[in-house]
Each structure stands twice: as C-alpha cells, then as structure tokens.
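Novice: Just so you know, the protein sequences line up as chains A and B, in that order.
Its first residue numbered 1, the first sequence is counted upward by one per residue in my numbering.
Its first residue numbered 142, the second sequence is counted upward by one per residue in my numbering.
Hints listed in this document are in silico derivations from the structure and should not be mistaken for laboratory results.
Keep in mind that this is a model prediction, so the values were computed, not measured.
Hints are not guaranteed to be accurate.
[Said to hold, decoys possible] Pairs of lysine-lysine, BS3-like flavour, derived with a Cα cap of 30 Å:
1. B:Lys175 to A:Lys121
2. A:Lys90 to B:Lys175
3. A:Lys121 to A:Lys90
4. A:Lys40 to B:Lys175
5. A:Lys40 to A:Lys90
6. A:Lys63 to A:Lys40
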Amino acid sequence: MLLEILGIGWLTFGLFFCAIGVLGVLRMPDVYTRLHASGKVATLGLFGLLMGAVFLMPSIFLKVLALGLFILLTSPVATHAIAASEYRRKELVDEIAEMQHLDHEIKSVDVSAFLYSSNIKDIIEAQQRTHHNGENKKDDL
Amino acid sequence: MIESQFSQTTLQIILLAMIALLIPASYRVVVGAKLSDRLLAVDLITTLLIGIIVLFALIEGSETFIDMAIALAAFSFIGTISIARYISEGRVF
Numbered sequence: 001m002l003l004e005i006l007g008i009g010w011l012t013f014g015l016f017f018c019a020i021g022v023l024g025v026l027r028m029p030d031v032y033t034r035l036h037a038s039g040k041v042a043t044l045g046l047f048g049l050l051m052g053a054v055f056l057m058p059s060i061f062l063k064v065l066a067l068g069l070f071i072l073l074t075s076p077v078a079t080h081a082i083a084a085s086e087y088r089r090k091e092l093v094d095e096i097a098e099m100q101h102l103d104h105e106i107k108s109v110d111v112s113a114f115l116y117s118s119n120i121k122d123i124i125e126a127q128q129r130t131h132h133n134g135e136n137k138k139d140d141l
Numbered sequence: 142m143i144e145s146q147f148s149q150t151t152l153q154i155i156l157l158a159m160i161a162l163l164i165p166a167s168y169r170v171v172v173g174a175k176l177s178d179r180l181l182a183v184d185l186i187t188t189l190l191i192g193i194i195v196l197f198a199l200i201e202g203s204e205t206f207i208d209m210a211i212a213l214a215a216f217s218f219i220g221t222i223s224i225a226r227y228i229s230e231g232r233v234f
C-alpha cells in the first residue's frame, strides 16, 4: 500500500511537469523559450512517470532504467539540434538581408517572406539569383 | 497488474490527463509560426506518447509495452536530428 501511494505520488509529479511543459510550449513567445519549456517534459516529467512506474511495478525496473538512461542521453542532444538549426537558419537569412542592403541597384525579392518559407532551397536560389543579376549589371556598365 | 481499485482508477485518470495534453501540443504543430516550432512540438508529442505508453503498461500489467516505448524513443531521436539538419543545411546527408 505504501509503495502504491509513493508510486502515484511520483506519477502525479510527472503529470504536473508534463502539464507545465505543454503550457509553456503553448504560451511562450519564442522558439528558444519554447525549447526551454519542452525540455522540462523530457527530463522532469518523464523522470516522474518512470519513478512511479518502478514503484508500482518493481519487476520492470531494468527496462525502465534503460529507457530513462536513453532519454536522459538523447533529449538534450535533440533540443540542442533544434536550437542550433533555428539559429543557423536565422544567420543565413540575416546574411542575405545584408547582401541585399549592400546591393542598392538590384531590386530583389523580399527577405522576410523567406523567414516563413518551408523550403530552404528558395533562399539559396534567391541568393544565387542576386549574385547572377549583380554580375550582369556590371557587364552592362 | 495492480490489484487495488484506488490505484487502478487513479492510473486511468492520469492516463486521460496525459492524452488530453496531446491536444495543445498538436495545436502548436498546426499553427507553428515557424518550422522549428513544428519540429519542437512533434518532439514534445513523442515524449508525451512515451509517457502514455508507460502508463498503459502499468494499467495492463504487461512489460512488453516498455520495449515499444524504447523503440519509439530511438526513432524519435533519429527523426528529430535529421529534420533539424534539414532545416539548417537544406539537406539531410
């Protein structure tokens, strides 16, 4: 009976942090802050659920330990990959914007549209088009 | 298998609450605003699904569901990494 109460206490702890994390992902303003919130679900929320599972069913201890260790290793890596991809994408778009600012003569495409574009090849094509137009203008002059 | 009625009912209530948490997470997938937001929300949904599978294993009293949770965690990690690489570099490999 004591083990069951302890287990349900841990499960409630995990559920609380899962709810906090989902609320954060729903309400936070930025990708990075949303990543902060979703990290709470992967570590504290699942940790609570797995502890509760061990208390309620001690026979699954080894499998739950393997699952917990795997999540503890992979979750920070996945979060870091998402944050780095967002940061590099922003850098690329900023670079294109700076290039367009330097080329006054070329009337090129609107950069802000590409922030929300689903395909990064659009951005790279726009970059190449800009280079190509610049060379043509120089030849004409 | 947990025998006591109290634990069984509480487990089912917690499982229902976890399933209800999937709805706001899928709202973030649909609305998104940016690609990284959608990827983050899919990652969050997979994490919640792992928790749901563990709870289901407790309710059913079966160890096999934990293996499913481990496999789901592994594939979710690979998928998140490859899509993040696609977002930043424009290609996966």
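Novice: Let me make sure I understand: some of the numbered hints might not hold for this structure. Which ones are they, in numerical order?
Specialist: Of the numbered hints given earlier, the structure breaks none, since each of them holds.
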